[in-house]
Structures are given as structure tokens and as C-alpha cells.
Amino acid sequence: MCPNDQILSAYFDSEIELPHRQRVTEHIAGCSSCGDKVDSYNTTRNLLRSDEVPALDESRERVLKRIYAEKAGNNEAGNTFWRKKVVLPAPLAAAAGILFFILVGGMAAIMMREEPSYTASVQRKPSSAIRIEGENLEEIRALLESRELVVEANFELPREKDFVIIGEPQLIPVKSAALGH
Amino acid sequence: MRRIGLTLGVFFALASAVFADDLEDILEAVDEDIYSVHIHARVYESGEISTWNMDVKKFTIAGKKVIVKLEGENVLVVAELTPYLQSDDSILLVAQGEVWITTPQDEQIKYSSVIKSLPIQYGDKVYFYPLGVGKIKDAFIIELEIEVNPYRTVARNGKR
Numbered sequence: 001m002c003p004n005d006q007i008l009s010a011y012f013d014s015e016i017e018l019p020h021r022q023r024v025t026e027h028i029a030g031c032s033s034c035g036d037k038v039d040s041y042n043t044t045r046n047l048l049r050s051d052e053v054p055a056l057d058e059s060r061e062r063v064l065k066r067i068y069a070e071k072a073g074n075n076e077a078g079n080t081f082w083r084k085k086v087v088l089p090a091p092l093a094a095a096a097g098i099l100f101f102i103l104v105g106g107m108a109a110i111m112m113r114e115e116p117s118y119t120a121s122v123q124r125k126p127s128s129a130i131r132i133e134g135e136n137l138e139e140i141r142a143l144l145e146s147r148e149l150v151v152e153a154n155f156e157l158p159r160e161k162d163f164v165i166i167g168e169p170q171l172i173p174v175k176s177a178a179l180g181h
Numbered sequence: 182m183r184r185i186g187l188t189l190g191v192f193f194a195l196a197s198a199v200f201a202d203d204l205e206d207i208l209e210a211v212d213e214d215i216y217s218v219h220i221h222a223r224v225y226e227s228g229e230i231s232t233w234n235m236d237v238k239k240f241t242i243a244g245k246k247v248i249v250k251l252e253g254e255n256v257l258v259v260a261e262l263t264p265y266l267q268s269d270d271s272i273l274l275v276a277q278g279e280v281w282i283t284t285p286q287d288e289q290i291k292y293s294s295v296i297k298s299l300p301i302q303y304g305d306k307v308y309f310y311p312l313g314v315g316k317i318k319d320a321f322i323i324e325l326e327i328e329v330n331p332y333r334t335v336a337r338n339g340k341r
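So the protein sequences, as listed, match chains A and B. Position one of the first sequence corresponds to residue 1 (the numbering used here), numbered consecutively onward. Position one of the second sequence corresponds to residue 182 (the numbering used here), numbered consecutively onward.
It is worth saying that the hints were derived from the structure and are not from the lab. Mixed in with the good hints there might be a few duds.
Unchecked claim - Below, computed lysine-lysine pairings styled on DSS-like, alpha-carbon distance capped at 25 Å: (1) B:239 x A:175; (2) B:238 x B:297; (3) A:175 x B:291; (4) B:316 x A:161; (5) B:306 x B:250; (6) B:297 x A:175; (7) B:250 x A:161; (8) B:246 x A:161; (9) B:238 x B:316.
Since this is a predicted model, take the numbers as computed values, not measurements.
Make a model of the complete structure from these sequences and hints.
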């Protein structure tokens, strides 16, 4: 029966005392498997004791480059304006929103307004000239507010006169009226 | 608080600017689309000067009729005058006359109606004779002299 790896490792490190050491030596001499394991231990120890140092410079350069690249990327992202967090108070944010919509709406209204042609703009009266003149503002206001389709005026004819039908009713321009008064 | 005040100030400034422009358009439309209908009613005998006359000026818009009622001892005349704006900016004046009249000979009420129309320009004067016109002895003629003008012209000329 072969000794386990711990016993073989202890044997290789001379940590097993006599008479057990003698018995393990006899077993390894007759067991190629255990002999190979002990040989591999010896090879590893010799390798570790050698002066050869693995070529780490190339790996170190590669790692440093990667670190610098990631750091530069993080700095660039951190300086982006749109990635900055801006904290606004709620009322100020609401006011800014309302103002934005008013400005956008106003601009849209101005842009949608029909642009008068050059001729029309010449004919258009300046603001100061556009006003309702005269002394009939109340009557005009009533006219515009009224839903009725009539405006009435009543006259009372002289009572002492009897009227008769003279002929067919007529509507004629004054210029072509044949009769004088 | 100061920020809210500033925001409200900007809001009202913008709103007043927009609505002022709309108001300007409304006033301009009112200024151009309201008509002044000047009616001078006269009663006279053929060949004589008028024995009775009255003036009235009414404001209307295209398609809205001005009704003139003339009521006498034996007659009621209702004249409906309606200006319509035509495509060439002239006016089509439509006059509808209705007459209820009694004569001394019989007690019956006679009724007649008529519709007349005439294309006119602003400032043109027209006569409307609801009882007709002619040289008949002792007959009184009812004459309506009608003049249609845009309101702005009337207002700026200071006519009443």
C-alpha cells in the first residue's frame, strides 16, 4: 500500500523520523509511482531555488497601459456636461417648466401666424391707428353681442295724413331718380 | 419668492403681447366689417317740399337686416334693409317692403309686399318708396333715402 501525498511530502522534507523513514525509503525504491512523485517534488524545489525570474516587464507594461486607459476614460466621462447631476428645488423646476412651455407656445404662435405679403404689410395700419373711433361704441358693442338678426328703427308718421298706394314699390339710385322734391 | 414673481411677470408679459395682437386683429375686423346705414325718411306731396322727415343711423354687419317701421293713422310700413358684401367689395342692398293700409273708401286692410335689390358702392344714396312714387294729386309719398358706409369712414369723418 502506497503512502499518501502528505506522507510523501513530509518524507521529502525530512520530517519523518526513523524507523518510519526507512520503511518509506524501501517502498519508494520498489514503487515507481511514489518515486515519480518524489522526483516531481525535487524538480519543483530546484526550480524555485534557481535564479531565473520570469519576464514580468511586458506584463507590467500591459497592465499599466490598461489602468491609464481606464482612468482617462473615467475622467472624460466625468467631465461631460450632460452627465452632471444638477439638483433644483421643486418650485424652481416647476417655474422653469412653465416658462419653457410659454416660450415654446409663444414662438409656435408667432411662427404659425400668417405672414402678410409685402403689399399687405404696407397696407396694414400701425397699431396706434387701429381703434374704434366715434361716439357709438355702446351701439356697436350691443350689435356684436346681439344674437338677433335684426336692428330696428321705429318712426311715427304724421297722424293727420291719409296714405294711399301710389304704385309699385321702387328701389332706385338717387342719381337716376327722375322726380324732384 | 422673487423667482416666482419673475416667472409670473414673464408669463403676463408674453400673454399680453399675444392677446394684444389678437385684439388688434379683432379691432381691425370690426373697423372694416361694420356698416353704418343712414336712413332719411321723408313724407311729401308730389312736387312739394317734405312735410315730415326723420333721420336715423343704425350699425349692422353684412347679412343683418335693419328694420324700419313707419306707423301712421291708416298705414304701417315695414322696410327691411339688408346689406350683403359682394366679392368685388361692393354692397348688394336688399330691401323688403311690407305694407298694411286701409283706405277711406273701405274698411278692409290691404297688404302688399315686395323685395327689391340693388348693387351699390359705399356712399351711394338710394331711394326706397314702399308705397310707390308718382304724380298723384293729394297723395303723400313715403321716401326712404338710404346710404351705406363702412363704419370707419363714418367715424373718421365725424358724421352722425
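Checklist entry - Keeping to a limit of 25 Å between CA atoms, is the pair of residue 306 (chain B) and residue 250 (chain B) held or broken? => result holds (20 Å)
Next on the checklist: Given the hinted pair residue 246 (chain B) and residue 161 (chain A), is their Cα-Cα distance within 25 Å?
Outcome noted: The given pair, whose Cα atoms are some 28 Å apart, is violated under the 25 Å limit.
Item to check | Restraint status (C-alpha distance of residue 175 (chain A) to residue 291 (chain B) at most 25 Å) | outcome: violated (32 Å)
Checklist entry - Is the straight-line distance between the alpha-carbon of residue 238 (chain B) and that of residue 316 (chain B) 25 Å or less? => result Measuring from Cα to Cα gives roughly 29 Å; hence the hint is violated.
Item to check | Satisfaction of hint between residue 175 (chain A) and residue 297 (chain B), Cα-Cα up to 25 Å | outcome: Holds - the C-alpha atoms of residue 175 (chain A) and residue 297 (chain B) are around 17 Å apart, at most 25 Å.
Checklist entry - When you check the alpha-carbon spacing of residue 239 (chain B) and residue 175 (chain A), does it fall within 25 Å? => result holds (23 Å)
Item to check | Holds or violated: residue 238 (chain B) to residue 297 (chain B), with C-alpha atoms at most 25 Å apart | outcome: holds (21 Å)
Checklist entry - Within 25 Å, alpha carbon to alpha carbon, are residue 316 (chain B) and residue 161 (chain A)? => result holds (17 Å)
Next on the checklist: Run the distance test for residue 250 (chain B) versus residue 161 (chain A): straight-line Cα separation, threshold 25 Å.
Outcome noted: The given pair, whose Cα atoms are some 17 Å apart, holds under the 25 Å limit.
Comparing the model with each earlier hint shows violations of hints 3, 8 and 9; every other hint is respected.
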